[in-house]
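Chemist: Each chain, written out:
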Amino acid sequence: MAEVVLRDVEKRFGKIQALQGITLEVRDGEFLVLLGPTGAGKTTTLRIVSGLEEPDRGDVFIDGVRMNGVAPRDRNCAFVFQNYILYPHLTVYDNLAFPLRSKLWRTEESEIRKKVEHVARVLKIEHLLHRKPDKLSGGEQQRVALGRAMVRNPRIFLMDEPLSNLDAKLREEMRVELKSLQKNLGATFFFVTHDHVEAMTLGDRVAVLNQGVLQQVGTPEEVYEYPANVFVARFVGNPEMNLLEGFLEGGKLHLRGLALTLDLEKVWKGGELPSRVLVGLRPENILLGQGEAVGEVYLVEDLGADKIVRLRVGETLLRVRVPKEAEFSVGERVPYLLAYEKFLFFDPTTERRLG
Amino acid sequence: MMERVRLEGLSKRFGAFEAVQDVTLSIFEGEFVVFLGPSGCGKTTTLRMIAGLEKPTRGDIFIAGKRVTQLPPARRNIAFVFQNYALYPHMTAFENIAFPLEAQGVPREEVQRRVREVAKILGLEHLLALRPAQLSSGDMQKVALGRAMVRRPQVFLMDEPLSGLDAKHREEMRAELKRLHIEIGATTVYVTHDQIEAMSMADRIVVMNEGKIQQVGSPREVYLHPENLFVAHFIGSPGMNFIPLVFLGEGRGFRLENGDVIRHETMERLAVRHGVRECILGIRPEFLSIAASGEIRGNTVSIEPLGYKNLYAVEIAPGRIIRVEDMRRERFSGNVSLAVRWEAACLFDHQTGQRIR
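Heads up: the protein sequence lines correspond to chains L and Y, in order.
Position 142 of the first sequence, counting from 1, maps to 142 under the numbering used here, and the rest follow consecutively.
In the numbering used here, each residue's number is its place in the second sequence (first place is 1) plus 355.
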């Protein structure tokens, strides 16, 4: 078992309320990603789990045991930082062996050799064991840092943006490696990032944090398709979700920005709605080249695998994802169709999703 | 089309390090040209040579037909927009934009008129009285742009101007910059390491690596028809998949690492004509699909949901992992077979890394 539970955790630094009553469960063997912008409280949460910080209020449990006041070394967690610090004067082998040679974990050299070689094999760094860190690439250094966390065979890995110092290409590769590593180890990964693509692609579940408040916890699909509020809707997804102001009158939904009036029963199956709403629609849920409404192509961005068209309708700019084969030119007038069944409704005051 | 900038055999050496090697390129009026490459590839050095901030070791630079290789930056009629804005903190947005004109002694009314004109294009009119510290990073970048635009230079030079912004702002500014370019049509040379910026903004991309131009072409060209393995890998997110093949002879097909043989007439003809034995099949993730009876067998390593599509990592031979895009919601795990859209496949010579055509 390796499960982490945070209950009503609060933390204040001077005047800043860093965490406001966080309750979160990281399940045994789960890859849980904590996602949020800078200053959301992600790192603080991780440091509280590791014991590097103590919560002002609330409890931390690991495998059902309350950890408040327990020293970091007694929590059986491994911490992997963004700035992996390797000892420059030691070889990769000695860097990996280092934790096992410390007073705390003192281990027989023959045992150390076995463990180091095993970890090196899993991470495919066997051929690097005799090199010094400055002779390694960024990705190799990151693997060594991971390896150093792995040698003690911890059940819980706490990772603070471990990929953010790598270049884009390497990050994509390390993503796959990290995910299969986690599966193979069967360990619990509690992973922090500000990058929503990283969160979606790595996490079994994603927990979205903003200003010290947990916004939503769910599978990547849930967070993407059914964001709990406007913040999550905008933070997850690239390009951003379209958000349109709407008002209701006599069974009709008016989208003023698009000069469009729709029968409410066509787009909403739930209960009562407030008279003003925000309607959310993902860029792939607007179809170009069909429908009766017309917009003007304002910009076309080729992203390779697909394209983003910004469509101007009155004063509104819609973001539309189109297939890579689609050809549109700036200034062209194009019919568009909104996928009504994909409409999301938010309360403009509370910013929560309705229904 | 009028040539606005010409680089001829441009090289730059720092001690023993050849930062830029023999770069020859024409940039035409109104073009948005992006120099793309990893750090250390020579893209910024090339830009700095165009600006006059760096003296070439060899070669020449022409701006609007005039040789400027020996001219100081101020006499080249260019505007440089930096990564870190470099605004004067004690001046308002208006004063920052007006600064280059005032330095040239332009009359007061004309300064007023031109600053307002630029501010209108950039949507900065309501912010002109604010100082940099009161502006968002996106607006600061716009003020920096405004200061460049107000002089009406022959060429805009931009060195990673969006890299100081967070992901969301970067996306917005990317679109705004591109739209601005469409509206004012200024010749722009733009440097970035971000292939998405290059793909989405450029009329032409100049891909550089190790000081040399690897390929020059439209975003579509470099994406669909990369000249070599470097370009194929660097462009795209994730990059192109590389599948090693051994050519067995015409009519006999190619052997995959797992021993399977795949057949494709056009590819075989290419291999024959080029006289190659070991080659690499290059195929982008969206041109592979999980199919009932595809050509390539594999085993799913991971599934990465992106919301509107899933990205699969599939192991097709021990340690050989390729990426496959799939638009279906349904998830496929375990053993899968992959169908290749051959019309979008590239063949590379294993030895040279060059595409076989």
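These aren't lab readings, by the way, just hints derived from the structure by calculation.
Just so you know, not all the hints are guaranteed correct.
Below 30 Å or equal to it, Euclidean Cα-Cα: the simulated BS3-like pairs (lysine-lysine) are [to be verified]: (1) K169/L / K307/L; (2) K324/L / K533/Y; (3) K475/Y / K169/L; (4) K567/Y / K533/Y; (5) K183/L / K664/Y; (6) K266/L / K342/L; (7) K664/Y / K266/L; (8) K664/Y / K269/L; (9) K183/L / K475/Y; (10) K307/L / K664/Y; (11) K307/L / K410/Y; (12) K307/L / K475/Y; (13) K342/L / K307/L; (14) K115/L / K103/L; (15) K169/L / K523/Y; (16) K15/L / K523/Y; (17) K567/Y / K342/L; (18) K124/L / K103/L; (19) K523/Y / K324/L; (20) K266/L / K252/L; (21) K342/L / K269/L; (22) K410/Y / K475/Y; (23) K114/L / K132/L; (24) K664/Y / K324/L.
Covered stretches of chain L, going by a simulated chain Y footprint (3 or more residues, C-beta under 8 Å) [said to hold, decoys possible]: (25) 9-20; (26) 128-136; (27) 176-184; (28) 236-242; (29) 297-305; (30) 321-330.
Yeah, the Cβ is synthetic: ideal placement off N, Cα and C, and Gly gets one too.
Chemist: All hints, please: hold or fail.
Modeler: Hints and how they fare:
1. K169/L / K307/L: holds (20 Å)
2. K324/L / K533/Y: Holds - the C-alpha atoms of K533/Y and K324/L are around 19 Å apart, at most 30 Å.
3. K475/Y / K169/L: violated (39 Å)
4. K567/Y / K533/Y: Answer holds: K567/Y to K533/Y is near 26 Å, not above 30 Å.
5. K183/L / K664/Y: Given that 30 Å is the threshold and the Cα spacing comes to 22 Å, the pair holds.
6. K266/L / K342/L: Status holds; Cα separation ~11 Å.
7. K664/Y / K266/L: holds (26 Å)
8. K664/Y / K269/L: OK: K664/Y and K269/L at ~26 Å, within 30 Å.
9. K183/L / K475/Y: violated (54 Å)
10. K307/L / K664/Y: holds (14 Å)
11. K307/L / K410/Y: violated (39 Å)
12. K307/L / K475/Y: holds (29 Å)
13. K342/L / K307/L: Holds - the C-alpha atoms of K307/L and K342/L are around 20 Å apart, at most 30 Å.
14. K115/L / K103/L: Roughly 17 Å separates the two Cα atoms, so the pair holds.
15. K169/L / K523/Y: holds (20 Å)
16. K15/L / K523/Y: holds (28 Å)
17. K567/Y / K342/L: violated (48 Å)
18. K124/L / K103/L: holds (28 Å)
19. K523/Y / K324/L: At roughly 22 Å apart (the allowed maximum being 30 Å), K324/L and K523/Y satisfy the hint.
20. K266/L / K252/L: holds (10 Å)
21. K342/L / K269/L: holds (11 Å)
22. K410/Y / K475/Y: violated (37 Å)
23. K114/L / K132/L: OK: K114/L and K132/L at ~20 Å, within 30 Å.
24. K664/Y / K324/L: holds (14 Å)
25. 9-20: Per the Cβ count (0), the hint is violated.
26. 128-136: It is violated: at least three residues are needed, and the stretch 128-136 of chain L offers just 0 whose Cβ sits closer than 8 Å to chain Y.
27. 176-184: holds (count 4)
28. 236-242: It holds, with 5 qualifying residues against the three required.
29. 297-305: Contact hint for the stretch 297-305 of chain L vs chain Y: holds, 7 residues under 8 Å.
30. 321-330: holds (count 3)
Checked against the numbered hints given earlier, the structure breaks hints 3, 9, 11, 17, 22, 25, 26 and satisfies all the rest.
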